[in-house]
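Line by line, the protein sequences are chains Y and P.
Position in the first sequence counted from 1, then plus 2, gives you my numbering.
Position in the second sequence counted from 1, then plus 1391, gives you my numbering.
There could be a bad hint or two in this list.
Unchecked claim - Below 27 Å or equal to it, Euclidean Cα-Cα: the simulated DSS-like pairs (lysine-lysine) are:
no.	chain 1	residue 1	chain 2	residue 2
1	P	Lys-1429	P	Lys-1477
2	Y	Lys-330	P	Lys-1448
3	Y	Lys-330	Y	Lys-384
4	P	Lys-1429	Y	Lys-88
5	P	Lys-1424	Y	Lys-92
6	Y	Lys-313	Y	Lys-330
7	Y	Lys-102	P	Lys-1423
8	Y	Lys-102	Y	Lys-60
9	Y	Lys-384	P	Lys-1503
10	Y	Lys-102	P	Lys-1448
11	Y	Lys-162	P	Lys-1477
12	P	Lys-1429	Y	Lys-92
13	P	Lys-1424	Y	Lys-88
14	Y	Lys-92	Y	Lys-102
15	Y	Lys-162	Y	Lys-102
16	P	Lys-1423	Y	Lys-162
17	Y	Lys-313	Y	Lys-162
18	Y	Lys-88	Y	Lys-60
19	P	Lys-1503	Y	Lys-162
20	Y	Lys-88	P	Lys-1423
21	Y	Lys-162	Y	Lys-92
22	P	Lys-1429	Y	Lys-102
23	P	Lys-1503	Y	Lys-380
24	Y	Lys-380	Y	Lys-330
25	Y	Lys-88	Y	Lys-102
26	Y	Lys-92	P	Lys-1423
27	Y	Lys-60	Y	Lys-313
28	Y	Lys-330	P	Lys-1503
29	Y	Lys-348	P	Lys-1477
Unchecked claim - Stretches of chain P that chain Y covers, calculated by requiring three or more beta carbons in the stretch to come under 8 Å of a beta carbon on chain Y:
no.	stretch
30	1402–1411
31	1418–1424
32	1444–1454
No lab work stands behind these hints: they were computed from the structure.
Please read these numbers as outputs of a predicted model, since none were measured by experiment.
Idealized CB from N, CA, C, for every residue including glycine.
What follows is the residue order along each chain.
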Amino acid sequence: MTFWSDPVNFIAAWLRGILAGWGMGAALANILLALSGIIVLVVFALVLDIFLVWVERKVVARFQDRLGPNRIGPFGIFQPFADIIKLIIKEDITPEGADKVVYNIAPVLAATAVILLWAILPLASTIYGVDLNVALLYLVATGALGALAIIMGGWASNNKYALLGAFRMVAIMVSYEVPMVVALLIPAVITGTMSVKGITEFQSGVWIVILSPLAAVIFIISAIAELGRAPFDLNEAESEIVAGFNIEYTGMKFGWFYASELLHSFTFGGFIAVLFFGGYNFFGLEKYPLLGVVIFLAKALFFYWVIMWVKYSMPRIRIDHMLAFSWKFLTPLSLALLIITAVVDKFLAPTNFYMLGMFLTNVVIAWLTIEILRAYGKRQRKAEETPVQPVAEAAHH
Amino acid sequence: MQNAWLYIGLFLIIGIIVPVAPLLISWLVAPKKPNPIKQSTYECGIETVGDSWVQFKAQYYIFALVFLVFDVETVFLFPWALAINKLPLYTVLEGILFILILVAGLVYAWRKGMLEWM
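In isolation and in its complexed conformation, chain Y is listed as follows:
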């Protein structure tokens, strides 16, 4: 074991030697080492978060044809630090009639939910928090905690706009959790493991996006919805309910909602990369863990950018469209995909046609879906073209 093949365990073994030299017990030393590892990981995530604020503002500026922050430091890179100082020294206002306990817990929970996701994110083959054997369920549960924080914040603010934002968040979470979980079942069917690290290791040969591109698309769409980002940002719809759930929050509490939204997007970008796009695998470069971290972060940043791209290109959709898209389109599609993937996996797994069969099945399902939608659209247009009888119209109402 050298530093270059396994840096974390190399440093851990060295520190363990020092602690043993001080006469510390092995169990205590293990806990201490785990704690310091966690602190390094969390601090890394938060420094990344500060950087993401700058990335987000620069990218949105480019999408909207302006410059973005460019005053503090080169290319405005120190802008987020100025933002943080300002947020910390701002007065913290609690609106009258607010449920104080829930109101104060909500921003902390929003941040905790994101930080907890970093525990299972495999950054490289030997650099990861913990290899949990039920990681997919953990991902779903912890992802829902973020939505819970938004609901808590909206409910506790004693504000009608905030409450409307919370209601809408419930509707989004309830609708898009189903296609998301079913899309997560497909990597589980293909790899036969729920461990995120196991799924990544499986992809050293072929990425799951090639085996099941539809599952990747469904997961990306429902992840964007779960994050509550545009076009699914009904929970904070600025033009309708001002700022939605975070309307009454000021100072650092608002800061945590904002920061955790950005980090949540990046973390889900990371999970898209890990579950469908090979994680730290990239043509054998993953042999060097430090390079693996760079590859992983590059992929995660790419999908973070995709989420931003969607956000700044799409108008917000209406709530009935949002619900119909999930229940009448994504859920049936994902269930059909799961059933067919299970059958194909059962019959083709031992044969050589596995990869080709999986890919072709997905192509056929996608083609059938488009044909069904086209026929539906045609029928819809025909119904609109035929003049409606006024009498029939009146009878219908």
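Start from chain Y and add chain P according to the hints.
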């Protein structure tokens, strides 16, 4: 680390301490000058009328019910999905039958118009 859940527990502790720390710093350094106007509920410049905790649309409740069916289902589907290659064909088909029964529930709700936002 031998025990994965002990690690998650430690992560949870750090994950709570880290967000609380800036809030505590903010509590120490930020000004505290509350007054009734500043703390009144925001509503685009006019005063709020009545209770803020208003009644919600019954439709949310129906969607939550449909969701509950599928959410419980997925917990049962994960063990089935993991073991597909080790199971006999009969068991795989039985799992598919289970999914189809739930799809029948979705179709029923759809036909009854429960998925329309009214």
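Hints, verified against the model:
Restraint check for Lys-1429/P and Lys-1477/P: the C-alpha separation of about 64 Å exceeds 27 Å, so the hint is violated. For the given pair, Lys-330/Y sits about 20 Å from Lys-1448/P by alpha-carbon distance, which is consistent with the 27 Å threshold. This hinted pair checks out: Lys-330/Y and Lys-384/Y have alpha carbons roughly 21 Å apart, not beyond 27 Å. Between the alpha carbons of Lys-1429/P and Lys-88/Y the distance comes to roughly 19 Å, so the proposed pair stays at or under 27 Å and holds.
About 11 Å separates the Cα atoms of Lys-1424/P and Lys-92/Y, which keeps this hinted pair within 27 Å; it holds. In summary, the hint linking Lys-313/Y to Lys-330/Y is supported, as the alpha carbons are separated by about 23 Å, within the 27 Å threshold. Taking the CA atoms of Lys-102/Y and Lys-1423/P, the gap is about 16 Å. The hint holds against a cut of 27 Å. The straight-line distance between the Cα atoms of Lys-102/Y and Lys-60/Y is roughly 36 Å, outside the 27 Å bound, and the hint therefore fails.
For the proposed pair Lys-384/Y and Lys-1503/P, the alpha carbon gap of about 24 Å is at most 27 Å, so the pair holds. Restraint check for Lys-102/Y and Lys-1448/P: satisfied, since their Cα atoms lie roughly 26 Å apart, inside the 27 Å limit. Distance restraint check for Lys-162/Y and Lys-1477/P: the Cα-Cα separation of roughly 53 Å exceeds the 27 Å cut-off, and the hinted pair is therefore not satisfied. Restraint check for Lys-1429/P and Lys-92/Y: satisfied, since their Cα atoms lie roughly 14 Å apart, inside the 27 Å limit.
Taken as a hint, the Lys-1424/P and Lys-88/Y pair is honoured in the structure, with Cα atoms around 17 Å apart against an allowance of 27 Å. Distance restraint check for Lys-92/Y and Lys-102/Y: the Cα-Cα separation of roughly 19 Å lies within the 27 Å cut-off, and the hinted pair is therefore satisfied. Pair hint Lys-162/Y plus Lys-102/Y holds up; C-alpha atoms about 17 Å apart against a cutoff of 27 Å. This hinted pair checks out: Lys-1423/P and Lys-162/Y have alpha carbons roughly 25 Å apart, not beyond 27 Å.
Restraint check for Lys-313/Y and Lys-162/Y: satisfied, since their Cα atoms lie roughly 26 Å apart, inside the 27 Å limit. A hinted pair counts as satisfied when its Cα atoms are at most 27 Å apart, and Lys-88/Y with Lys-60/Y qualifies at roughly 19 Å. About 31 Å separates the Cα atoms of Lys-1503/P and Lys-162/Y, which puts this hinted pair outside 27 Å; it is violated. Pair hint Lys-88/Y plus Lys-1423/P holds up; C-alpha atoms about 15 Å apart against a cutoff of 27 Å.
The hinted pair formed by Lys-162/Y and Lys-92/Y meets the criterion: a straight-line CA distance of about 24 Å does not exceed 27 Å. Between Lys-1429/P and Lys-102/Y, the direct Cα distance comes to roughly 16 Å. Compliance with the 27 Å bound is thereby established for this hinted pair. For a cut-off of 27 Å, the pair hint linking Lys-1503/P to Lys-380/Y stands: about 24 Å separates their Cα positions. Between Lys-380/Y and Lys-330/Y, the direct Cα distance comes to roughly 18 Å. Compliance with the 27 Å bound is thereby established for this hinted pair.
Under the criterion of a C-alpha separation no larger than 27 Å, the hint pairing Lys-88/Y with Lys-102/Y is consistent with the structure, at around 24 Å. Proposed proximity of Lys-92/Y and Lys-1423/P is supported: the alpha carbons are some 9 Å apart, at most 27 Å. At roughly 14 Å between alpha-carbon atoms, Lys-60/Y and Lys-313/Y fall within 27 Å of each other, so this suggested pair holds. Our distance criterion of 27 Å between C-alpha atoms is met by Lys-330/Y and Lys-1503/P, whose separation comes to about 13 Å.
A threshold of 27 Å between alpha carbons decides the hint, and for Lys-348/Y with Lys-1477/P the separation of about 9 Å falls inside it, so the pair holds. Residue count for the stretch 1402–1411 of chain P with a Cβ under 8 Å from a Cβ of chain Y: 8. That meets the three needed, and the coverage hint holds. With a cut-off of 8 Å between beta carbons, the stretch 1418–1424 of chain P has 6 residues touching chain Y; three or more are needed, and the interface restraint holds. Counting residues of the stretch 1444–1454 of chain P whose C-beta lies closer than 8 Å to any C-beta of chain Y gives 6; at least three are required, and the coverage claim holds.
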